[in-house]
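There are 2 protein chains.
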Amino acid sequence: MDRTGLLIILSSPSGAGKSTLARRLMDWDPSLRFSVSATTRPPRPGEVDGQHYYFTTAGAFHQMVEQGQMLEHAEVFGNLYGSPSAPVEAAMRDGRDTLFDVDWQGGQQIRASALGGHVVSIFVLPPSLPELERRLRARGQDSEAVIASRMAKSRAEISHWAEYDYVLINDDLDRTEQNLRAILTAERLRRDRQGGLGRFVKNLMEEHA
Amino acid sequence: MDRTGLLIILSSPSGAGKSTLARRLMDWDPSLRFSVSATTRPPRPGEVDGQHYYFTTAGAFHQMVEQGQMLEHAEVFGNLYGSPSAPVEAAMRDGRDTLFDVDWQGGQQIRASALGGHVVSIFVLPPSLPELERRLRARGQDSEAVIASRMAKSRAEISHWAEYDYVLINDDLDRTEQNLRAILTAERLRRDRQGGLGRFVKNLMEEHA
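Protein chains in written order, with UniProt numbering: chain A, 1 to 209; chain B, 1 to 209.
Check before you lean on any hint, since a few could be wrong.
Since the list can't tell identical chains apart, any single copy or any two copies may satisfy a pair.
Said to hold, decoys possible - Within a straight-line C-alpha distance of at most 20 Å, the following computed SDA-like cross-link-like pairs (lysine to any residue) qualify: (1) K153 to G196; (2) K202 to S159; (3) K202 to P127; (4) K202 to V76; (5) K18 to P130; (6) K153 to P45; (7) K202 to S14; (8) K18 to G95.
Since the hints were made in silico from the structure, they are not lab data.
Note that this is a predicted model, so its numbers are computed, not measured.
Given only the sequences and the hints, what does the whole structure look like? Please build it.
This is the structure we're talking about:
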């Protein structure tokens, strides 16, 4: 059936398992498309244009924003980041869902965009803040100052949980993955999300029984 | 968490697999409560009061309707059938979902009732009408006239598919069961269906991190 793809927004404080969950969802459903961000930040070694980011200039970025070609965008440490709408619209036409790994501000902007009616938003909560801090430390990547700043950002992120359609408490990664699969499966079965149902029923009724 | 139970309405033409699916859902989740109907029809051999039906008199039935104690009711071949609200309200308070096996008219009445905001409604379509007729014949219970009347009723039932939240095409019983499980799992994870989330987040934020 010719369904229209959904925009799946996954938000959570950093360290709550979001990236792992996003990767697992992509493994589970290869038709799912991950929204690659555009950025004005220069590529780091190993980063591939169009795969990790669309690397672009500030001029081109601003032009896309002005022409309404960014679903959301933000400035972080002097660099611009945004979600280009064209690949999302192409995926929607193909009946493919797009997964967005964005924070609450990105979520708000996408919900308020012209494609907002196709959004399914999911917030992943950590089981506890000490557990979140423990996970951040376990990465061994960050200084104490960075960890403190991440924890402050996490609290700000968590404060927006009530803006999301679904809320998951990630106390077990496997179970949370199952729950995410259930949400995607169910959302695709909603009457108003299924294309071609009316035609299916019309054909059903016109068959000679 | 102290969630409020949902009212899960499952409708389909007879022969589309609804009873089997309802039984499988109850096996999967023993906390699910099946809504037992009240009826003025006399018990058949082997039928247990309170298990197959609540057997009652027309007087008592009408009194329940007048006192708003029936979520839905209908007259079929001179007998009254209805869904008493009291056991549903008790289950809701216990955080247990109730499963209703009702037709489109029952579904409409429950949706329009005071508990309508807690309804999740699912319509199960047969893959085809000849397949539906084949299944009815395979039961070997019914005369040609009864089968013709059931098929007419099926068409009337199917015509109401667009009033439901979810629509499943039952071309594979196992897959349809998985889809039903996904819908129940996802609906329970909706932010506005989870009780106590606000308190959970409040506690989370007040922990010493």
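Within, between, both or neither: K202, S14 at alpha-carbon 20 Å = between (48 Å within a copy, 19 Å between copies)
request  = Indicate which option fits the pair K202, S159 if close means a Cα-Cα distance not exceeding 20 Å: within, between, both or neither.
outcome  = between (47 Å within a copy, 9 Å between copies)
request  = If the cutoff is 20 Å on CA atoms, where do K153 and P45 land: within, between, both or neither? Let me know, please.
outcome  = neither (27 Å within a copy, 67 Å between copies)
inquiry  = Treating 20 Å as the Cα threshold, decide for K202 and V76: within, between, both or neither.
reply    = Neither: 52 Å inside a chain and 28 Å across chains, both beyond 20 Å.
key: Alpha-carbon proximity between K153 and G196, which holds within one copy, between copies, both or neither at 20 Å   = neither (43 Å within a copy, 24 Å between copies)
task = With 20 Å as the alpha-carbon cut-off, assign the pair K18 and G95 to within, between, both or neither.
result = Classified as neither; 24 Å inside a copy, 29 Å across copies.
ask   = When no copy is named, should K18 and P130 be tagged within, between, both, or neither for a Cα gap of at most 20 Å?
value = within (17 Å within a copy, 47 Å between copies)
query = How would you classify K202 and P127 at a CA-CA limit of 20 Å: within, between, both, or neither?
reply = between (48 Å within a copy, 12 Å between copies)
In the structure shown, a violation is registered for the earlier hints numbered 1, 4, 6 and 8, in ascending order.
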